[in-house]
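Enquirer: Chains as they are written, first to last, in the working numbering: chain G, 20 to 257; chain R, 5 to 286.
The set of hints was computed from the structure by calculation and includes no laboratory data.
A portion of the hints provided could be inaccurate.
Claimed, not checked - One side only, chain G facing chain R, incomplete, derived with CB under 7 Å: (1) Ile75; (2) Leu80; (3) Ala83; (4) Gly86; (5) Arg87; (6) Thr120; (7) Ala121; (8) Asp152.
Claimed, not checked - A few chain G positions that, by computed beta-carbon distances, are all more than 12 Å from chain R: (9) Ala94; (10) Gln118; (11) Arg195.
All C-beta atoms in this analysis are idealised placements derived from N, C-alpha and C, irrespective of residue type, glycine included.
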Amino acid sequence: MTHPQDPTGTPAAGTALVPVDELHTVLTAHLPPAARAWLDQALDEAAAHPGIHGPISVWELRLAEAGRRCGAGHADAARVLILHAARADLDALTRVYRQGTADERRAVLHALPHLVPGPDAVPLVEDALRTNDTRLLAAAAGPYAARHLAPHPWRHAVLKCLFTGVPVDSVADLARRSRGDAELARMLGDYAAERTAAGRPVPEDLHRVLTLTGTVPETAPEPETAPHGPVDPHGKES
Amino acid sequence: MRIFDPHIHMTSRTTDDYEAMYAAGVRAVVEPAFWLGQPRTSPASFLDYFDALIGWEPFRAAQYGIAHHCTIALNPKEANDPRCLPVLDELPRYLVKDRVVAVGEIGYDSMTPAEDTAVATQLQLAADHGLPALVHTPHRDKLAGLRRTLDVVRESALPMDRVLIDHLNETTVKEAKDSGCWLGFSVYPDTKMDEERMVAILRAHGTEKVLVNSAADWGRSDPLKTRKVGDLMLAEGFTEDDVDLVLWRNPVAFYGLSGRLDLDVAATDATHEGNSILRGGE
Ligand SMILES: [Zn+2]
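Can you build the whole structure from these sequences, using the hints too?
Expert: Spelled out as structure tokens, the structure:
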């Protein structure tokens, strides 16, 4: 109630994909004047004093208050910009993540592809993938994971999205990474069989990913299987 | 009836409670940091608890359409254990976070010198961070505890009108009201306060600056007590506007002093089968 709300928000899902200067342009166009002035100052401070200083750097304070300054809908974008301006390296990102609210952790995950060239930040992604917070899961499955996550944890990330109702549209590079992945197809097939055996519907997204793998698991589910239809975990007949 | 429960320990409650609270009209809560029944032995377990209050618990509440905020502090009971005291040094980094709307709950338990120090230190932290403070009154020796509490608040840098004194009752309400602080009442089965006594106090002392909470936790308690007070107020002749003042506008005004209330919650469908809480045991 005490801070600016813009119902449109800055698209969070795109935060990790949009180049930083473009993100800045889009965000400032959406912010009310007071919030814009606050952000400009926060970015200047971060650029002037980058890196970790003492128990809490000035830019870490700005990161903490970004939600109430810019409004929840713009906080992800504002935080990514602040992290970028502060040239946060792996140590800084790790500290912010470990000491952060769920919202700050999500911003770190969105910032990874902009700030960490190699796979060193994978432990942060794996930490987020262990949670059941769907907002963190969606952010963890972004472009950084697509680039650096090993096949086994990446498959489990996809499966966890299906389990927890995170749309697989959140999984970056889904088509490229699933193509020809017979093991992923097997996992999806088994999951579909388990759901069918329990008389529960198979998520539509599961069929989408299965199609993307381009392989047919032994336990291939029927896309039109009725929730209470005949149960045959090995059924391949059409 | 829209309800803001200004003091409830949701960490100790189930998703059934969240569902029932939403159905009863609860749209916002504040969860004060407190002790968990089992004493902690190191700062690390405080930090994990605080992290849940700014991480998992707001997410859980949002799944049920309820806006969750918290207050952060070292509670009076554990302030007496020297092994826990270093957590005071970690508080500043929590007190800058979004959705941390007060320092609390602080106050007295057994009125020891260690508790004196913890209360004074944390009132100063509240002043330093632009936050109000939630100060509870002790369960034992309550009137003496209230007087000592008011003294230490008067000596602090925090103005009285940025302090909510909680767990008040018939014997403490008048002195608390005269001091100019906000007045909190915890309606709890058997102890503290019940609905009938609460409505009688509202009739005798008015609705101004009064907040009613369930203080529901891991003990025998009822997260719907706020609603029950609202219903009884209406049955006994208070207006809808009186009820809205006590159960919504007063808590919004008090915690709004932080500048960090965010009452918009993007409610997701709690019964959605993909709900990650329902599938916690996946
Ligand atoms: Zn309490």
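Enquirer: Hint by hint, note whether the structure agrees.
Expert: Verification of the supplied hints:
| no. | hint | in the structure |
| --- | --- | --- |
| 1 | Ile75 | holds, 6 Å |
| 2 | Leu80 | holds, 6 Å |
| 3 | Ala83 | holds, 4 Å |
| 4 | Gly86 | holds, 4 Å |
| 5 | Arg87 | holds, 5 Å |
| 6 | Thr120 | holds, 4 Å |
| 7 | Ala121 | holds, 4 Å |
| 8 | Asp152 | holds, 5 Å |
| 9 | Ala94 | violated, 8 Å |
| 10 | Gln118 | violated, 6 Å |
| 11 | Arg195 | holds, 25 Å |
In summary, the numbered hints that this structure violates are 9, 10.
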